[in-house]
Amino acid sequence: MVDEHKAHKAILAYEKGWLAFSLVMLVVFIALIAYTLATHSAGVIPAGKLEHVDPTKVRTEGPWADPAQAVVQTGPNQYTVYALAFAFGYQPNPIEVPKGAEIIFKITSPDVIHGFHVEGTDINVEVLPGEVSTVRYTFKKAGEYRIICNQYCGIGHQNMFGKIVVKE
1 MVDEHKAHKA ILAYEKGWLA FSLVMLVVFI ALIAYTLATH SAGVIPAGKL EHVDPTKVRT
61 EGPWADPAQA VVQTGPNQYT VYALAFAFGY QPNPIEVPKG AEIIFKITSP DVIHGFHVEG
121 TDINVEVLPG EVSTVRYTFK KAGEYRIICN QYCGIGHQNM FGKIVVKE
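Counted from 1, the sequence shown has number 11 at position 11 by full-length UniProt numbering; the numbering is strictly sequential.
Just so you know, these hints were derived from the structure itself, not from any lab.
Owing to the predicted nature of the structure, the values given are computational and were not obtained by experimental measurement.
Heads up, some of the hints might be wrong.
[What the hints assert, rightly or not] Think about it this way: if two alpha-carbon atoms lie no more than 25 Å apart in a straight line, the pair counts; the simulated DSS-like pairs of lysine-lysine are: (1) Lys-167 / Lys-106; (2) Lys-106 / Lys-141; (3) Lys-57 / Lys-99.
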């Protein structure tokens, strides 16, 4: 009877230990989530900052209308690229930028949802008609980077590629 009582107490202590560990881990996870929400705003678009365009006029009006003027120097080492994703290509193509410069991509679409993923980088945005997707990136290596559409956009989707040429 005494051995049974000791065994029961040992099991009870073991279970209490695991319950305490579980509660501590729950508090730690909640604290980490709260910390992340308070300090990281990546992906959050501030109110009133979302850019809109008329998808029916984007090919004829505004900065996306002339592919020859799509790469604009906006600072000493900063460029803005006005890229258009359409069925089944990208404009301009290729996009030529200097190595080490901050590139601000402003991408939109005149037709359907597309993807703008630059292989070998963390650039991966969804492109919606009527909205401007903005992403910043600095290419640290010269070379050619392929742009692929990772959103199914129609029967020619598998052929939708573009190219970024980063020059020394």
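Results of checking the hints against the structure:
no.	hint	in the structure
1	Lys-167 / Lys-106	20 Å, holds
2	Lys-106 / Lys-141	21 Å, holds
3	Lys-57 / Lys-99	32 Å, violated
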